[in-house]
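Numbering (my numbering) for the first sequence: 1 to 817.
Careful, some of the hints might be misleading.
[Said to hold, decoys possible] With a Cα cut of at most 25 Å, we get these calculated PhoX-like pairs of lysine-lysine: (1) 767 x 804; (2) 769 x 784; (3) 199 x 154; (4) 154 x 444.
[What the hints assert, rightly or not] For each label pair, taking beta carbons as the anchor points, the in silico distance ranges come out as: (5) 780 x 753: 18 to 26 Å; (6) 623 x 648: 36 to 44 Å; (7) 334 x 630: 53 to 61 Å; (8) 109 x 811: 57 to 65 Å; (9) 109 x 445: 42 to 50 Å; (10) 597 x 810: 44 to 52 Å; (11) 806 x 368: 42 to 50 Å; (12) 109 x 416: 55 to 63 Å; (13) 565 x 412: 36 to 44 Å; (14) 201 x 347: 22 to 30 Å; (15) 737 x 677: 24 to 32 Å; (16) 677 x 206: 24 to 32 Å.
No wet-lab data here; the hints were simulated from the structure. Just so it is clear, CB atoms sit at the ideal spot from N, CA and C, and this is done for glycine as well.
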Amino acid sequence: MTTKYDRYQPHKIEPFWRQQWEETGLDRAVVKKDQPKYYALTMLPYPSGDLHIGHWYAMVPSDARARFMRMQGYNVLFPIGFDAFGLPAENAAIKRNIHPHQWTMENIRRMREQLKSMGAIFDWQREVVTCLPGFYKWSQWLFLKFYEHGLAYKKLSPVDFCPNCNTTLAREQVWGEDRHCERCETPVVKKELDQWFFKITDYAEELLDYSGIDWPERVVSMQKNWIGKSEGAEVKFRLTNDEEITVFTTRPDTLWGVTFMVLAPEHPLVDKITTAEYKTQVKEYQYQASRQSEIERLADDQEKTGVFTGSYAVNPVNGEQIPVWIADYVMMGYGTGAIMAVPAHDTRDFAFARKYRLPIKVVITPAEGLADPLTKPYTEVEQGKMVNSGTFSGLSAAEGKVKVSSWLEEKGLGKKAVNYRLRDWLISRQRYWGTPIPIVYCEKCGTVPVPEEELPIVLPEDAEFLPTGESPLRHHADFLHTTCPRCGGPAQRETDTMDTFVCSSWYQYAYLSPYYQGATPFDPAEGAYWLPVDLYTGGVEHACMHLIYTRFFTKAMRDIGLVDFDEPMRTLRNQGIILGEDSEKMSKSRGNVIAPDDLIEAYGSDTIRVYLMFGWRWEMGGPWDSRGIEGSYRFLNRIWELLLFPVEGAVEPTAELIETLQRKLHQTIKRATEDVKELAFNTYIASLMEFSNLLAKVKPNLWGTQPWNEAAKTLTLLLAPAAPYIAEEIWSQLGEKYSVHIQRWPEWDPELVVEQQVEIVIQINGKIKERLVIPVDASEDQVKARAFAMEAISSVLQGKAPRKVIYVPGRLLNIVL
RNA sequence: GCGAGAGUGGCGGAAUUGGCAGACGCGCUAGACUUAGGAUCUAGUGGGCAACCGUAGGGGUUCAAGUCCCCUCUCUCGCACCA
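Using the sequences plus the hints, can you model the full thing?
Here it is in structure tokens:
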């Protein structure tokens, strides 16, 4: 390779070592029964065409961490793949008349090369591309298993539909107040469609349990929020015309305060219970409400509106007759779509009652009583006491909640109930570029699952891509028409494809044995060794979608008998986002995109790697600073010269310098080790910088001595996870054996870490007056004696005894007067 | 409104969890080497002439607070008529 005295030339060394690593299979990950495993995973990218600096920011530190674990003696699996189904490919097909498959695979080819230059230890033999039949066969297989186990079902339901993407969206793909499409920001509309769902709600309770995993509090709280568990009771209300309406309430203790009832405008009972007199008004209101969801629901301060149905219900606890209204502040999609209104103790009901002059009846009061008439609802539970509530009067509201529920249950008027905000996962998409749902519709047999042996149901290649908004599969006769697997008669295939989140819900298992040919989605022997994932890293934006789905999948797979653990990923960590230099999100339209390829050309991959780790707190991210990267480039250049350029002239080692060097060496090992372990990459790099600064200082005296050589070797090892290319080159030039990356990570000696001399701060009343350098093992008395002898101290004391003296060994002496 | 998190020099960020605030780096200033420097090296760099003052603001606990407690403000993210 290069010879000594050459300057640092990343463009020479990086391709060379990349090839060496490839040829020697350095990063191949295979099962080694006698070695502890470590499965590190970074979220797989969508093959948009170009590797973005954001991909680097996500992957490089994860890679460094994986490399570190490998040097710590673990057998590390750090795989990569491509989340290759999805809309952009299909849109490209429509716009530019290029087949989604071709578009996707070309992008992958390009990104694969870009990923390779990054220098990560991806084992490319384990690469998985989700749009290949070898992969999606198993998505289909899992669908069939879910179907068998009652976890996949079809139902006609109002779903969110993006008119621009021409497809349905899962609830979590609808964002913001105006309910727009996650991808294209078009406001979604409601459509009544027959769609496939996964029964994620079966796992709602279990999904709330995070006890076995180490996930960021933020993600946990977002998920809990999303799942939205609330406990209360379901209460049955009989109407005067004999219909029955069930409501869900979290406040059974307020039952005596119910003064009216409200149904969602779309509630199925509305038509039945509306009396002739009110028909027109109700119909009109229902129409307005249905338009509401289609029109952008602008922030119109949400004045509550509603209309009376003409019917009355009977409060089961006291026999009072209460009017039944409909109002759009009650949602069909939550609870039972009907509420009992307690205006005295609920903000919304209060506003509604005020507007329509409905009675307000107080049944919970604080010790000091309430204003009469009420000016605002009293919603407190903790301090409230029940009143006007029959035999329950006098109980605290909290007690009441429990006791009233039990009582309802005894009397058959209702029951304790838990309600979740989480809804089943809508997986049907009316698009071509996705996993076909392996279902056939037969006139005779109805809905028939495709037999396992017939998988994969392959996407036909010769589909036509027209901007009509309908799935090409629907117009593909060969695909559409088939025979019923059960009766052999004519049948039609399901033409919906699966949400791409299905692919990413189980891809971590596909890496174990890509495109597996066996009887299950992955090789059980590989699974037994590598699973589950030890460390998963990626963006926090997936908290409520991907990260809930993959937990659900793993639990479902467990119940099917495919895995024997409850959670897919033991530890989760999120990185932040790198913004443009203008502190805005990077985007082509803003023109603030930083292209990694340009940076590689200017500095080489190692510099980018080091900068991405050093520049920000990883979990935070922040704006890019194109001047900052110069610092990382300088750092690598300095290391290069420091370790490879000899000293001209005499070297004069002193015992003191050797000791200083050795101590700093061990301190650096300690810091670097602890920081990488904690994913504190910025301080890890900082510790290496500090150490190299010291090395530069002692180089004229120690160069070539045994302690120097030791330090040089160790620094190279410590640098290896961050800057793998330069570390390998330096290692080789130092005359060490290939490869630096499979050497044992250095260990520190706790005794050598401690300073021999420490500076103690001498404070008077907490203010620093003096500093004192003493041996670490100096006794308190010695420190005191020396401190009191100091001019600045004794002059203040003037012989008087201090009130108190606090001594913190190795840190300070505080003299309190 | 609810939930989560954050606020430290000109900037990115450190601070062994209550013990020297500002490590490391960027930028900046001065100097050196140079035909030249947007290269490199050396020194300096929170504010203030000082005593001192400084971690969003105010209060508190403590010998000691960026760190703990209470209040306020600002920002970011998520959810949002959730019954």
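Structure-based check of all given hints:
1. 767 x 804: holds (14 Å)
2. 769 x 784: Holds, because 14 Å separates the two Cα atoms, which is no more than 25 Å.
3. 199 x 154: holds (10 Å)
4. 154 x 444: The hint holds at about 18 Å.
5. 780 x 753: 18 to 26 Å: holds (23 Å)
6. 623 x 648: 36 to 44 Å: holds (43 Å)
7. 334 x 630: 53 to 61 Å: This hint holds: roughly 54 Å between Cβ atoms.
8. 109 x 811: 57 to 65 Å: For residue 109 and residue 811 the Cβ distance comes to about 59 Å; the hint holds.
9. 109 x 445: 42 to 50 Å: holds (44 Å)
10. 597 x 810: 44 to 52 Å: holds (50 Å)
11. 806 x 368: 42 to 50 Å: holds (48 Å)
12. 109 x 416: 55 to 63 Å: Once the Cβ atoms are compared, 58 Å apart, the range 55 to 63 Å for residue 416 and residue 109 holds.
13. 565 x 412: 36 to 44 Å: Given a distance of about 42 Å, which is inside 36 to 44 Å, the answer is holds.
14. 201 x 347: 22 to 30 Å: The hint (22 to 30 Å, Cβ to Cβ) holds, given that residue 201 and residue 347 are roughly 28 Å apart.
15. 737 x 677: 24 to 32 Å: holds (26 Å)
16. 677 x 206: 24 to 32 Å: holds (30 Å)
Hint check: no violations occur; every hint is consistent with the structure.
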